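Q: With the sequences and hints as input, model every part of the structure.
If you're matching them up, the sequences are chains A and B in order.
Numbering of the first sequence is given in our numbering, commencing with residue 2 and proceeding in unit increments.
Numbering of the second sequence is given in our numbering, commencing with residue 487 and proceeding in unit increments.
Read the hints as simulated data drawn from the structure, not as lab findings.
Since we're looking at a predicted model, the values are computed, not measured.
A virtual CB, placed ideally from N, CA and C, is assigned to each residue, including glycine.
Keep in mind that the hints are not guaranteed to be accurate.
To be verified - Here are the simulated distance ranges between beta carbons:
| no. | chain 1 | residue 1 | chain 2 | residue 2 | range |
| --- | --- | --- | --- | --- | --- |
| 1 | A | H124 | B | Y506 | 43 to 49 Å |
| 2 | A | R25 | B | Y597 | 31 to 37 Å |
| 3 | A | K128 | B | N594 | 55 to 61 Å |
| 4 | B | S592 | A | D266 | 33 to 39 Å |
| 5 | A | D102 | B | P549 | 26 to 32 Å |
| 6 | A | G144 | B | P550 | 31 to 37 Å |
| 7 | B | L807 | A | I123 | 50 to 56 Å |
| 8 | A | I272 | B | R636 | 23 to 29 Å |
| 9 | B | L546 | A | K204 | 47 to 53 Å |
Chain by chain, the residues:
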Amino acid sequence: MIRPLMEVKGLKKYFPVKGGVFQRVKGFVRAVDDVDLEIKRREVFGLVGESGCGKTTLGRACLRLTEPTSGEIIFEDVNISNLNLSDMQKMRLNVQMVFQDPFSSLDPRKMVKDIVGEGLVIHGLAKGSELKERVLQNLERVGLKKEHLYRYAHEFSGGQRQRIGVARALVLNPKFIVLDEPTSALDVSVQAKILNLLLKLQKELGLTYMFISHNLSVIEYMSDRIAVMYVGKIVETGTKLELFENPLHPYTRALFSAIPIPDPDLKREKIILKGDVPSPLNPPPGCRFHPRCPYAEEFCEREEPELIDVKAGHKVACHLIK
Amino acid sequence: MSDEKPLLKIRDLRTYFYTYKGVVKALEGVNLRIGTNELLGLVGETGCGKTVTGLSILRLIDPPGKIIGGEIVFGGEDLLKLRENEMSERIRGKKISMVFQEPRSSLNPTYTVGSQISEAIRLHQRVDKREATRRAVSILRQTGMPDPERIAGEYPHELSGGMAQRAMIAMALSCDPELLIADEPTSSLDVTIEAQILELIKDLITKFRTSVLLITHDLGIVAETCDKVAVMYAGNVIEYGDVRDIFKRHRHPYTEGLLNAVPKLKMSGELYTIKGTVPNLITPPTGCRFHPRCPEARKECSEFKPSDVEVEPGHSVSCFLYKG
Chain A
2 MIRPLMEVKG LKKYFPVKGG VFQRVKGFVR AVDDVDLEIK RREVFGLVGE
52 SGCGKTTLGR ACLRLTEPTS GEIIFEDVNI SNLNLSDMQK MRLNVQMVFQ
102 DPFSSLDPRK MVKDIVGEGL VIHGLAKGSE LKERVLQNLE RVGLKKEHLY
152 RYAHEFSGGQ RQRIGVARAL VLNPKFIVLD EPTSALDVSV QAKILNLLLK
202 LQKELGLTYM FISHNLSVIE YMSDRIAVMY VGKIVETGTK LELFENPLHP
252 YTRALFSAIP IPDPDLKREK IILKGDVPSP LNPPPGCRFH PRCPYAEEFC
302 EREEPELIDV KAGHKVACHL IK
Chain B
487 MSDEKPLLKI RDLRTYFYTY KGVVKALEGV NLRIGTNELL GLVGETGCGK
537 TVTGLSILRL IDPPGKIIGG EIVFGGEDLL KLRENEMSER IRGKKISMVF
587 QEPRSSLNPT YTVGSQISEA IRLHQRVDKR EATRRAVSIL RQTGMPDPER
637 IAGEYPHELS GGMAQRAMIA MALSCDPELL IADEPTSSLD VTIEAQILEL
687 IKDLITKFRT SVLLITHDLG IVAETCDKVA VMYAGNVIEY GDVRDIFKRH
737 RHPYTEGLLN AVPKLKMSGE LYTIKGTVPN LITPPTGCRF HPRCPEARKE
787 CSEFKPSDVE VEPGHSVSCF LYKG
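A: Have a look at this one:
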């Protein structure tokens with residue numbers, strides 16, 4: 002069996018909540034709570050869930066941009082979760098991230114050539130004319146031109162800014178890129194261009210993506226495999242085909258049915274969930290979905306279900322599915 | 487199409503913003519109609535004038551913006567000809583009310599939800615404080631709020647986004663409006679909560695007999711909730727029709743492009759893209775504002791502005807490809 006590019010085991014990220022006069026720790030926001038996942042080489046791994054479910058934190062923790070509380074991250078057979086700072090920096094050549102909001106993730110005081118070239122400078126990989134050459138090459142890859150080199154971020158539209166963000170991620174020739182909602186701030190016609198670009202780059206450069214989104218049709222279009230997150234946990238994961246043809250977890254089903262689809266002829270049974278998404282500060286005991294689950298039984302409140310394999314790579318965390 | 491008189495009819499509405507960079511021609515001749523008990527979706531991309539249309543109906547355009555022409559006929563009278571005090575006494579919040587995108591920032595953080603709703607009731611109806619509070623609780627209950635008595639006593643920050651939006655909708659409905667303008671009511675909410683709110687909005691028509699103008703950029707929401715759809719581009723309504731007309735028999739090249747740009751389930755291959763970018767509305771393109779990006783553009787498109795043509799009963803397009 003080919004080893005996956007990235008393996009995550011028991012990853013946890015708790016944020017302490019402080020309060021009172023002495024700023025004592027009152028509790029923890031369990032943003033990511035015991036997550037296991039595998040990302041294969043050259044695949045697009047989609048991570049979907051509602052806001053606050055921990056998608057972004059999981060993406061960032063995989064790259065140690067937020068230091069995980071515990072757990073192992075294995076990238077190309079190296080356990081990166083306990084690398085020291087300088088080793089970690091070398092390792093960062095291989096992993097990059099594209100952020101959600103192209104309006105706040107680019108330094109307004111820098112020119113495009115400096116934004117895109119910064120990684121090369123930090124790692125001491127290029128300078129002078131070679132630096133400029135490589136920056137330009139990456140700008141061209143994302144559909145920008147030479148004249149854009151000396152402009153500032155505010156001079157660009159949202160779509161172009163996101164292209165700059167992609168160029169910045171590509172400049173170090175990474176193997177793995179975490180794309181955190183790269184199109185959620187963009188209009189559909191601009192989104193289409195960025196999605197096309199991302200898929201083209203992935204094929205041409207043999208990249209592996211972790212694609213985070215709350216938009217299910219975008220996830221479906223982009224991904225090979227998908228994981229569904231709910232309040233810090235992965236509740237279901239599998240290949241795109243398997244998950245869309247045969248969603249098993251009641252949350253996945255409700256989520257899929259709630260996504261509006263632009264086809265007025267499509268008549269679907271909508272599963273409208275009751276109540277709100279629980280806070281990760283005080284997640285419900287047992288299965289975290291049980292207060293909203295239409296099928297919840299008494300033992301769902303007591304025991305936390307494990308993510309079990311039901312069919313070749315299709316895993317579900319639900320007591321009712323055996 | 488309903489042949490009877492529409493509830494609201496907008497004709498040739500023009501709203502400009504006089505900024506220091508120049509005049510932004512945000513709306514340039516918008517035509518629209520909403521029938522009684524109808525859910526009209528107004529769809530388009532950022533900056534196309536959807537929200538400005540909604541605000542213009544209620545005359546909530548603040549300087550440097552100004553409604554410079556056209557008419558908005560509601561219940562037989564032109565709203566643009568009313569005096570400001572008539573607008574606020576008879577129309578705004580009473581006959582036409584509005585729900586905004588960010589529920590928690592449109593509620594006043596220093597008053598309880600119940601007192602804000604009863605304030606709206608007391609402003610428009612002759613009732614005492616106790617009766618207003620009773621009605622506020624009852625309207626909260628009708629919008630599906632769990633435990634409405636408790637919620638009425640809570641402050642906006644104590645509510646989740648979905649609950650706050652329910653409270654906003656309850657406030658908007660408190661005076662039995664004939665028209666509710668909902669401006670992106672779910673774009674700050676999660677999908678499963680969004681589904682709850684959309685279900686509520688669909689119910690309004692049957693339960694409260696309120697017509698709804700639903701402003702959104704999400705074509706999925708339009709397909710699943712609306713009866714009629716108006717597609718906007720750069721300050722114009724370029725296509726209007728039944729929801730099935732727009733999704734299945736659309737005629738305008740922009741509608742076509744917009745629908746094809748959305749990823750659909752089980753599709754493969756590249757997504758369709760519209761070339762170019764949305765124009766600057768200070769110096770908009772001459773003629774049809776879509777012509778520089780249109781794959782079917784001809785000579786006349788850059789010279790003249792197309793007028794609305796009814797291609798089928800109730801389905802109109804503003805494009806030179808279709809001439810009567």
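Q: Note whether the CB distance of G144/A and P550/B lies within 31 to 37 Å or breaks it.
A: Given range 31 to 37 Å: holds, Cβ gap about 35 Å.
Q: Verify the CB-CB distance for D102/A and P549/B against the hinted window 26 to 32 Å.
A: holds (30 Å)
Q: Given the range 50 to 56 Å, decide if the beta-carbon distance of L807/B to I123/A lies inside it.
A: Holds, at about 54 Å.
Q: Given the range 23 to 29 Å, decide if the beta-carbon distance of I272/A to R636/B lies inside it.
A: Taking Cβ atoms as reference, I272/A and R636/B lie about 27 Å apart, which means the hint holds.
Q: Quick one: are H124/A and Y506/B within 43 to 49 Å, going by C-beta?
A: holds (44 Å)
Q: For R25/A and Y597/B, compare the CB-CB distance with the range 31 to 37 Å and indicate the outcome.
A: holds (33 Å)
Q: Take the C-beta atom of S592/B and the C-beta atom of D266/A, compute their distance, and say whether it sits inside 33 to 39 Å.
A: holds (35 Å)
Q: K128/A and N594/B, beta-carbon distance inside 55 to 61 Å?
A: holds (56 Å)
Q: Using the Cβ atoms, figure out if L546/B sits within 47 to 53 Å of K204/A.
A: holds (49 Å)
Comparing the model with each earlier hint shows no violations; every hint is respected.
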